[in-house]
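Q: Here the structure of chain A is known, so what remains is to put chain B in place on it, guided by the hints.
Chains A and B, in that order, are what the protein sequence lines are.
Positions in the first sequence are counted from 1; adding 3 to them yields this note's numbering.
Positions in the second sequence are counted from 1; adding 3 to them yields this note's numbering.
Worth flagging that the hints you see were computed from the coordinates, not collected in a lab.
Treat the hints with care, as some may be off.
Since the list gives no way to pick one copy over another, a pair counts as held whenever it fits inside one copy or between any two copies.
Restricting the straight-line Cα-Cα distance to at most 27 Å, the calculated cross-link-like pairs of lysine-lysine (DSS-like) are [stated by the list, open to error]: (1) K201 / K268; (2) K68 / K207; (3) K179 / K207; (4) K207 / K218; (5) K218 / K102; (6) K208 / K84; (7) K48 / K179.
All of these numbers come straight from a predicted model, not from anything done at the bench.
What follows is each chain in one-letter form.
2 protein chains.
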Amino acid sequence: MQEEEIKEKLSRIKYKLTVMSGKGGVGKSSIAAYLAVLLSKKGYKVGLMDIDLHGPSIPRLLGLKSGIMPSPSPGKAFPVKFSDNLEVISIETLMGEDKDIATIWRGPIKIGVIRQFIADIEWSDPDFLIIDSPPGTGDEPLTVAQTISDSKAIIVTTPQEISLADVRKSINFCEKVNMEIVGIIENMSGLICPYCGKEIDLFKKQGGEQIARAKGLVFLGRLPLDPKVVESGDMGDLSFLDNKESSFTKAMIEIASEVERLCTKTSV
Amino acid sequence: MQEEEIKEKLSRIKYKLTVMSGKGGVGKSSIAAYLAVLLSKKGYKVGLMDIDLHGPSIPRLLGLKSGIMPSPSPGKAFPVKFSDNLEVISIETLMGEDKDIATIWRGPIKIGVIRQFIADIEWSDPDFLIIDSPPGTGDEPLTVAQTISDSKAIIVTTPQEISLADVRKSINFCEKVNMEIVGIIENMSGLICPYCGKEIDLFKKQGGEQIARAKGLVFLGRLPLDPKVVESGDMGDLSFLDNKESSFTKAMIEIASEVERLCTKTSV
Chain A
4 MQEEEIKEKL
14 SRIKYKLTVM
24 SGKGGVGKSS
34 IAAYLAVLLS
44 KKGYKVGLMD
54 IDLHGPSIPR
64 LLGLKSGIMP
74 SPSPGKAFPV
84 KFSDNLEVIS
94 IETLMGEDKD
104 IATIWRGPIK
114 IGVIRQFIAD
124 IEWSDPDFLI
134 IDSPPGTGDE
144 PLTVAQTISD
154 SKAIIVTTPQ
164 EISLADVRKS
174 INFCEKVNME
184 IVGIIENMSG
194 LICPYCGKEI
204 DLFKKQGGEQ
214 IARAKGLVFL
224 GRLPLDPKVV
234 ESGDMGDLSF
244 LDNKESSFTK
254 AMIEIASEVE
264 RLCTKTSV
Chain B
4 MQEEEIKEKL
14 SRIKYKLTVM
24 SGKGGVGKSS
34 IAAYLAVLLS
44 KKGYKVGLMD
54 IDLHGPSIPR
64 LLGLKSGIMP
74 SPSPGKAFPV
84 KFSDNLEVIS
94 IETLMGEDKD
104 IATIWRGPIK
114 IGVIRQFIAD
124 IEWSDPDFLI
134 IDSPPGTGDE
144 PLTVAQTISD
154 SKAIIVTTPQ
164 EISLADVRKS
174 INFCEKVNME
184 IVGIIENMSG
194 LICPYCGKEI
204 DLFKKQGGEQ
214 IARAKGLVFL
224 GRLPLDPKVV
234 ESGDMGDLSF
244 LDNKESSFTK
254 AMIEIASEVE
264 RLCTKTSV
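In isolation and in its complexed conformation, chain A is listed as follows (with noise of 0.2 Å):
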């Protein structure tokens, strides 16, 4: 009954993105939580799911308090409201007020918590549902996979090797599972140093661009590493998303644009 629920549910939802990276640290929930964002304020209705059960970012990155709605349908319950276009669920929303708390849970666990975030919350029929998997190709990106079988994935990575090692097996995870890739993101590329104004390559740089071309999939841009995006990350301010003078908000609204074209494009 809860396969049926879920195939009805995803049904009404036009596109399902799942933002991977095969290393954690890259920037994964960030660009996640930015083009949830960019696209809602583009007049798109917007579901943001974080499926990092262990480590959820996704409310702290958009400055959501806890609590969840019950809906008047037994077991069932609305997401958490960002603004008007955007709905998020975490499993951080779910758990009450100490964050502090482990989530101790073993595979089959978190495969029915992810199954239950589609089929017993009440989305409002988003146009995009952009889901938050942890990093590497475990139960997680799996469950997605064979659960949303027209997911499609977005791989975000650092330029340094051992991030791109991980890519890698990123891409081949999604070969393995026939989740087709709209592109790779190259996260951390570059950084300016905010005395001197001269750029380090911290992590190097271009490797993302490299393995897309290698591998024949999409670039879908590169963003730089910005000391002041880290701290509104941190403090759940993303209003850097609106000042266009920013190089990093610059590049990501070009990604935002590019992956919203992507997507409404090989639809028709």
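A: What follows is chain B alone, placed relative to chain A:
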């Protein structure tokens, strides 16, 4: 029978340390590798067990080739030797030549592999077993906690709040599974601009120390973000660990000595 074998093997290893983090990409694998190398240089026999099965980094960090030596005993194998004093096991050294293949494994398979890493690998009775765990509080660290009951945790974080939120989860995990915490390491704590020499607090500072103090835990030390170390890690070049002028190396050596002191002290 495997249970007996695991117990017997573990009884011959003096100190077991699990390097863990709540969030990915905080440098946990690098620190596990440097700690193992520095302890082995002090004359200890060290085993390094990489249980990050989806994104193993240890072989690249150490510049190890794949290729495991089968043992004369059926179903057993020798670990890969990095030096006389340091033996390593990682899923990557077992996987053969194609490093881009994703290990699309659900929890139960991962548990089995980790148990085999102990039971079926012919470790030569190391003084220290350093375990590089994937981020989070899922199957892998839980398997370690349940299989190696006297393993102690070293928790790695970066100073920014979003990483500290996950550290609090790791501390809660250790409390729940009764794993003693040796201490907390703060990584990526300040970056020196290679052009102007000024320090950039990319991810802020001191968050790790504050959390250690608040929780009554040992603060093991702070490591700066050094672009040269990042590059060396990408190439499997550990020669910077011999450069006594490097502030990263100095800090890492102090951390290794403190870990040594705390482990050998508590066992008396």
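Q: Can you give the numbers of the hints that this structure goes against, from lowest to highest?
A: Violated hints (numbers, rising): 1, 3, 6, 7; every other hint is consistent with the structure.
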